[in-house]
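S.K.: Chains as they are written, first to last, in the UniProt record's numbering: chain C, 1 to 94; chain D, 1 to 94; chain P, 1 to 94; chain Y, 1 to 94; chain G, 1 to 94; chain U, 1 to 94; chain A, 1 to 94.
Treat the hints as calculated values from the structure; they're not laboratory data.
Values in this document were obtained by computation on a predicted structure and should not be read as measured data.
It cannot be assumed that every hint is accurate.
Just so you have them, the derived chain Y footprint on chain P, three or more residues with Cβ under 8 Å [said to hold, decoys possible]:
1. 3-16
2. 53-62
EDC-like cross-link-like pairs, simulated, lysine to aspartate or glutamate; straight-line CA separation at most 20 Å [to be verified]:
3. A:Lys34 / U:Asp50
4. P:Lys52 / D:Glu39
5. D:Lys52 / Y:Glu53
6. G:Lys52 / U:Glu75
7. A:Lys52 / U:Glu53
8. C:Lys34 / A:Glu73
9. D:Lys63 / C:Glu53
10. G:Lys63 / Y:Glu94
11. G:Lys85 / Y:Glu53
12. U:Lys2 / A:Glu39
13. Y:Lys34 / P:Asp77
14. Y:Lys52 / Y:Glu94
All residues carry an ideal CB built from backbone N, CA and C; glycine is no exception.
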Amino acid sequence: MKLVPLGDRVVIKQLVAEETTKSGIVLPGQNKEKPQQAEVVAVGPGGVVDGKEVEMQVKAGDKVIYSKYSGTEVEIDDEQFIIVKQSDILAVIE
Amino acid sequence: MKLVPLGDRVVIKQLVAEETTKSGIVLPGQNKEKPQQAEVVAVGPGGVVDGKEVEMQVKAGDKVIYSKYSGTEVEIDDEQFIIVKQSDILAVIE
Amino acid sequence: MKLVPLGDRVVIKQLVAEETTKSGIVLPGQNKEKPQQAEVVAVGPGGVVDGKEVEMQVKAGDKVIYSKYSGTEVEIDDEQFIIVKQSDILAVIE
Amino acid sequence: MKLVPLGDRVVIKQLVAEETTKSGIVLPGQNKEKPQQAEVVAVGPGGVVDGKEVEMQVKAGDKVIYSKYSGTEVEIDDEQFIIVKQSDILAVIE
Amino acid sequence: MKLVPLGDRVVIKQLVAEETTKSGIVLPGQNKEKPQQAEVVAVGPGGVVDGKEVEMQVKAGDKVIYSKYSGTEVEIDDEQFIIVKQSDILAVIE
Amino acid sequence: MKLVPLGDRVVIKQLVAEETTKSGIVLPGQNKEKPQQAEVVAVGPGGVVDGKEVEMQVKAGDKVIYSKYSGTEVEIDDEQFIIVKQSDILAVIE
Amino acid sequence: MKLVPLGDRVVIKQLVAEETTKSGIVLPGQNKEKPQQAEVVAVGPGGVVDGKEVEMQVKAGDKVIYSKYSGTEVEIDDEQFIIVKQSDILAVIE
Chain C
1 MKLVPLGDRV VIKQLVAEET TKSGIVLPGQ NKEKPQQAEV VAVGPGGVVD GKEVEMQVKA
61 GDKVIYSKYS GTEVEIDDEQ FIIVKQSDIL AVIE
Chain D
1 MKLVPLGDRV VIKQLVAEET TKSGIVLPGQ NKEKPQQAEV VAVGPGGVVD GKEVEMQVKA
61 GDKVIYSKYS GTEVEIDDEQ FIIVKQSDIL AVIE
Chain P
1 MKLVPLGDRV VIKQLVAEET TKSGIVLPGQ NKEKPQQAEV VAVGPGGVVD GKEVEMQVKA
61 GDKVIYSKYS GTEVEIDDEQ FIIVKQSDIL AVIE
Chain Y
1 MKLVPLGDRV VIKQLVAEET TKSGIVLPGQ NKEKPQQAEV VAVGPGGVVD GKEVEMQVKA
61 GDKVIYSKYS GTEVEIDDEQ FIIVKQSDIL AVIE
Chain G
1 MKLVPLGDRV VIKQLVAEET TKSGIVLPGQ NKEKPQQAEV VAVGPGGVVD GKEVEMQVKA
61 GDKVIYSKYS GTEVEIDDEQ FIIVKQSDIL AVIE
Chain U
1 MKLVPLGDRV VIKQLVAEET TKSGIVLPGQ NKEKPQQAEV VAVGPGGVVD GKEVEMQVKA
61 GDKVIYSKYS GTEVEIDDEQ FIIVKQSDIL AVIE
Chain A
1 MKLVPLGDRV VIKQLVAEET TKSGIVLPGQ NKEKPQQAEV VAVGPGGVVD GKEVEMQVKA
61 GDKVIYSKYS GTEVEIDDEQ FIIVKQSDIL AVIE
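In isolation and in its complexed conformation, chain C is listed as follows (with noise of 0.2 Å):
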């Protein structure tokens, strides 16, 4: 099952600290969530917008920073997903 936003919208997945223990060992997945951080999974075609042309500026794969409380959350086979407009991804973190 596979998610294809519409427009201008991006599907993206919030990060998950991965956390180092002091001796160095990385433990992923405690699901920490990084507040705002998340990666893109899915980037709509863009296209007229509510009547204003809008090109996309992320892709798949990208980690960025979006917008609190923007976006709905959507739960598709037990995973968490949010479907945000391009204009609330505030930046791309490099």
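Position chains D, P, Y, G, U and A relative to chain C; hints supplied.
M.R.: Okay, now just chains D, P, Y, G, U and A, sitting in the frame of chain C:
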């Protein structure tokens, strides 16, 4: 009786979860609605809506994610439908 | 006395449910209004409304679904009408 | 003293119900105002209003339905008028 | 000291009712302000305001009806003025 | 340290009333601010602001009336300034 | 790790007041933030944002005044940033 939506409106019907018992038997229609998941029933013609050209991007039969709290619930012949604007449809599920 | 709507406005009249008794007798006009279902009584000329070209897509006699809480209730010659903008009409029932 | 409305504004005066007694005698002017029914007293020139071309579609003498709670009540020479925008006039009564 | 309004702004001064006694003597200036009636004191140049071309339609000396609660009260040299946008002026009194 | 406003912004400084005693002596700087009266300190370049061409119509040194409650108060080097948009300036005092 | 803002967004970092003791010793970094004063860290590419062409007018290193309560606070690698739209930047401090 058939609903023919105007403009950029789309008639959708909420999806009902199929439940599979542990033994593998599918129990359809337990009326457990999947939140925000719906099937497209009818699609308006698009065209100029509120002064802006809108092209319809979904079609009858598409499974879609729509924005919570959007749209108008309608009951026709004892069946429940929701009429939303296409812009309230966030993504197609493939 | 006749209502001639201006611009993109449409005069509608709420539909009253016909009730069928178990024996099959139709009991019309019990004043049980069908929510959001109405018949179009008169249609404005359309044209430039609020700076945007509007083409009228409904006609007198159409049965329509309209958006709850929209429009203005008007009483003319002891008959109740609702005047809505065409954009408050969601779908035509065929 | 005369009110000359600017732009797309229209000066209207609320209609007063003529009351007919059972014997057929008309009792005019009992000051029972007909809600939302008014007569057009003066019409602005239209033209570009708020950046949009507006053509005036009502004329002095028209009986109209106007939107409740819209407009500004004005008292000139002890007479009550309401100044509305043409877009607050929903329909002409013929 | 003189107020020169910018853009589509208009400086107005509320009218004070002349009171006529029963014997016909006019008692001016009892400081009984006529609500919403004012005299235009100065008129801005119009031009492009908020991206829209505005043509000024009132001139100094015009008696006008203005929209209640609109505008900004200003005191210059112990005189009270109100600065409104031209669109807050509803009608000219002739 | 100097404030250079962006776009259609204007840096203003509230005017302080000069007080003249009965004997004619001017007592400046009693810190009695004249409400809504200010002197223009610096003016942005104008240009395209929020998609609309804005031409600056005030200049440094102008005494102006500005809209109450508008703008952002800023303290630079212990001096108080207000940064407003030009559209919050209602009139120039000449 | 680097923040690359999208569209007309700007990454800023609040300025911390240098404190100078009476004897002239500068005490930097006492974490006394200067309200609304920030340094630009990274600037988006501008371009068409929400249907309007935006040209970026600030650059990394600029000291700016920004609008209180605007923007989104972000923590990256234990450093605090604020991501604002360029239109929330009121002035450059030179």
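S.K.: Does each hint hold? Answer for all of them.
M.R.: Status of the hints after comparison with the structure:
Residue count for the segment 3-16 of chain P with a Cβ under 8 Å from a Cβ of chain Y: 7. That meets the three needed, and the coverage hint holds. Counting residues of the segment 53-62 of chain P whose C-beta sits closer than 8 Å to any C-beta of chain Y gives 0, which falls short of three, so the coverage hint is violated. Note on Lys34 (chain A) and Asp50 (chain U): the hinted pairing is violated, with a Cα-Cα distance of about 28 Å set against a maximum of 20 Å. For the hint pairing Lys52 (chain P) with Glu39 (chain D), the CA-to-CA distance comes to about 32 Å; that exceeds 20 Å, so the pair is violated.
Distance hint between Lys52 (chain D) and Glu53 (chain Y) is fulfilled; the C-alpha atoms sit about 18 Å from each other, no more than 20 Å. With a C-alpha separation of about 35 Å, the suggested pair Lys52 (chain G) and Glu75 (chain U) falls outside the 20 Å cut-off, and the hint is violated. For the hint linking Lys52 (chain A) to Glu53 (chain U), the alpha-carbon distance of about 12 Å falls within 20 Å, and the restraint holds. For the hint linking Lys34 (chain C) to Glu73 (chain A), the alpha-carbon distance of about 13 Å falls within 20 Å, and the restraint holds.
For the hint linking Lys63 (chain D) to Glu53 (chain C), the alpha-carbon distance of about 26 Å lies beyond 20 Å, and the restraint is violated. In summary, the hint linking Lys63 (chain G) to Glu94 (chain Y) is not supported, as the alpha carbons are separated by about 35 Å, beyond the 20 Å threshold. A hinted pair counts as satisfied when its Cα atoms are at most 20 Å apart, and Lys85 (chain G) with Glu53 (chain Y) qualifies at roughly 19 Å. Pair hint Lys2 (chain U) plus Glu39 (chain A) holds up; C-alpha atoms about 15 Å apart against a cutoff of 20 Å.
Of the supplied pair hints, the one linking Lys34 (chain Y) and Asp77 (chain P) holds, its CA atoms being roughly 11 Å apart against a limit of 20 Å. Between Lys52 (chain Y) and Glu94 (chain Y) the alpha-carbon distance is near 29 Å, which puts this suggested pair outside the 20 Å criterion.
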